[in-house]
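Construct the entire structure; sequences and hints are all you get.
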Amino acid sequence: MQLRDYILRRLMVLPVLIIGVSIVVFTLTRIGGSPVGIYLSHEMTPDEVAEIEARFNLDKPVWVQYLYWVRGIAMGDFGWSGVAAAPVADVFPLKLAATMELAFASGLVALFLGIALGTYAGARRNRLPDHVTRIVAVSGASLPQFWFGILLLIIFWAHIGIAPIGRSDAAIFASIAHPTGLYTIDAILAGSPTALWDAIWHLVLPSVTLGYGATAIVARMMRSALVEELQQDYVDAARAKGLAERIVLKRHARRNALVPTVTVIGLTFGFLLQGTITVEIIYRWPGLGRWMADSVLRGDQATLMTYVLFTSVLFLVVNLIVDLVYANLDRRVTLGK
Amino acid sequence: MLDERHCAAPVASVRDLKVHFQSKRGIVHAVDGVSFDIRDGETLGLVGETGCGKSVTGRSFLRLLPVPPCILAGGSVTFHTHVVCKACAGVGCEACDGTGRQAGWDRSVDLLGISSEDMRRIRGDRIAMIFQDPGKALNPTLPIGAQIAEVFLQHRTEELIALAGLPPDTVGAIRRFASQSPRFGDGWLLSLPGPRRAQRQRVEESLAKMVADALAETQVPNPGKLMARYPHELSGGMRQRVMIAQALACNPDLLIADEPTTALDVTVEARILELIRNLQQRRKTSVLYISHDLSLVRRISDRVAVMYAGRIVEIGTTAEVFANPRHPYTRGLMAAVPGADTPRGKLAAIRGTVPELVDPPAACRFAGRCPHETGTCRSNDPVLEAITPSHSVACFIDHPAQSGERPTYERVTK
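From first to last, the protein sequence lines stand for chains A and B. First residue of the first sequence? That's 118 in the numbering used here, and the numbers climb one at a time after it. First residue of the second sequence? That's 190 in the numbering used here, and the numbers climb one at a time after it.
Careful, some of the hints might be misleading.
Claimed, not checked - Here are some chain A residues pointing at chain B (derived, C-beta under 8 Å): (1) Ala357; (2) Gly359; (3) Ala361; (4) Ile364; (5) Asn373; (6) Asn436.
To be verified - No more than 30 Å apart at the CA atoms, straight line, and that leaves these computed lysine-lysine pairs for BS3-like: (7) A/Lys367 / B/Lys535; (8) B/Lys325 / B/Lys414; (9) B/Lys535 / B/Lys398; (10) B/Lys398 / A/Lys177.
Just so you know, the hints here were simulated from the structure itself, not pulled from any lab data. Even for Gly, the Cβ is constructed at its ideal location relative to N, Cα and C.
Structure below.
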């Protein structure tokens, strides 16, 4: 089984990569200074500071500190978050769920809308739909998220007053259980239409802000790939078989155009993660992004290191998935070796 | 080669076909008033150098030209559909004058005038096409079995349903599956356990059988296994066999072969040519064979049409054209083919290149390159006229203009 071997081989490399990433993350963070600041207050005496340093092993050499950190991670202890005033390991899953809900919502929209728009425009090259899509895509790729987000906020929250802010209505949030942490899923599990509507309604503006740029990138890529594929001989050969234009487009041209687009989609994922920071700050979304922004400002190193480590692993996994999809779309791609 | 077919009815008649292209420098007259017939069962070779409009002519049969920039500026391509004679199943009997063919479902249609829906019904079923580079004309992301299957799904739905043992009035998701027009949700509907899934599997098995039969026709080893392969896993010759199997899957009346062996090496070329010939003779398919290779066309064609700069300059039976070429361009082409007695290092060539076809003047297109040209050639436009019942040429040498100097072969003016 070639595919299983390939996945196993890639997964076996993963620990090595993670160790490498962890060293880089730890070193870079320590260059920023001692992490002790977050645990201190102005009233503390030097003795108390020394006591805290000893408690967190900050009086030891840096490489020993690294080992302590790694040992902690191995035991499920990612350190204490000064910003959240709780252990990182306890808060992280909750914040992660919030960010994932946002990223999924905008990511899925970007994926499907981007491919659909790109296909629509590419099949009608240089006609009106193509020009309209081009304007949408270019503006999407060039509008800064912080500006676009604030613009939407001013229009729909401040002026029209229909859009909510934050992640959910407190009363509705308290009315259902939260087994997954994804509010839309929780609402469906609880069978509460009110909660589902509330969750979706809160998601709309943030995910539009976050997804617009990604949609634009995917649509542009898809469009140009499709235009190129439509000029290939096999498209004419498919037409010469008597196939309907719809089938020529979907089965033949689009499938081939997806090959380069999938690579771009994998890269867009990083763009989305980065975007969550801005979007969460603008919309007061209680996710990882906002937590990270606060942590940076306050020097909460335990949180930052966990975040960077986590996103690195996520990126590796996403790239593995992209490679698998890629090989599945185009059989000329051989996996492995 | 079927000499008794000189009088056979045409399967397709091209009349005054004009295909133009918009370009930044003006309108390119790529095909400018071309007329010829393809007779039932014959191979018509269409020769000429690159850029003379051969492929555009071939593609206009199936309207496979991008509009715009292409403009179908005029003329007609009349197609007379034929079917294998029902009385004798193609062997040849009195009812069909020994041709094995009889007139088909629709006496004749103008391929340039019919709706795109009707055009699609003809494409791949009544008129099929083989492309120059099989490596590019097969979709790299689909197994070849699936690509051939599309032809059957498109044109042979009824046969497929019958072969799967389903009643002819089958409707719903199964019929949509067998006619390649799925609706949203059909995929799930047909993969849920139940009678529908069993029916789908039967259709798939029948389809696989039809595809394997089509592949077996082209003498590929192990057609059953080949179906699951992807184009990049096959050699060039194998790919072209797959293309041929796909093109001949529905037993078309007319096969347009657009330089099908140009991308192949010479040993494979010979075998592919033989294959096309065999299949053609067995199935009585007419072939329009487009090529720039004169000696190849001589080997396989019943008749030859020589194209130059968007016009046919000479057309006739292969024997006559090669024994007695009349047009200076044809003569130039033939002189350029090296023979066994051509001295080493000496190759004849025609001076100059094909003229740009933006707003061509009313003059012989070959004037400027022709060794025998006179003032007449530069101010008059020759038309294709017969010199024998089966040989026509467009040149003032054979058909002098009403006024002006007459060019002759003896007088070399350039």
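Evaluated hints:
Against a cut-off of 8 Å between C-beta atoms, the interface hint on A/Ala357 holds, since the closest Cβ of chain B lies about 4 Å away. The beta carbon of A/Gly359 is positioned within 8 Å of a beta carbon in chain B (closest approach about 4 Å), and the interface hint is therefore held. Hint status for A/Ala361 relative to chain B: holds, with the closest Cβ pair at about 7 Å, below 8 Å. About 6 Å separates the beta-carbon of A/Ile364 from the nearest beta-carbon of chain B, less than 8 Å, and the hint is met.
Hint status for A/Asn373 relative to chain B: holds, with the closest Cβ pair at about 5 Å, below 8 Å. Checking A/Asn436 against chain B: minimum C-beta separation of about 21 Å lies over 8 Å; hint violated. Between A/Lys367 and B/Lys535, the direct Cα distance comes to roughly 53 Å. Violation of the 30 Å bound is thereby established for this hinted pair. Distance restraint check for B/Lys325 and B/Lys414: the Cα-Cα separation of roughly 22 Å lies within the 30 Å cut-off, and the hinted pair is therefore satisfied.
Distance hint between B/Lys535 and B/Lys398 is unfulfilled; the C-alpha atoms sit about 54 Å from each other, more than 30 Å. For the given pair, B/Lys398 sits about 75 Å from A/Lys177 by alpha-carbon distance, which is inconsistent with the 30 Å threshold.
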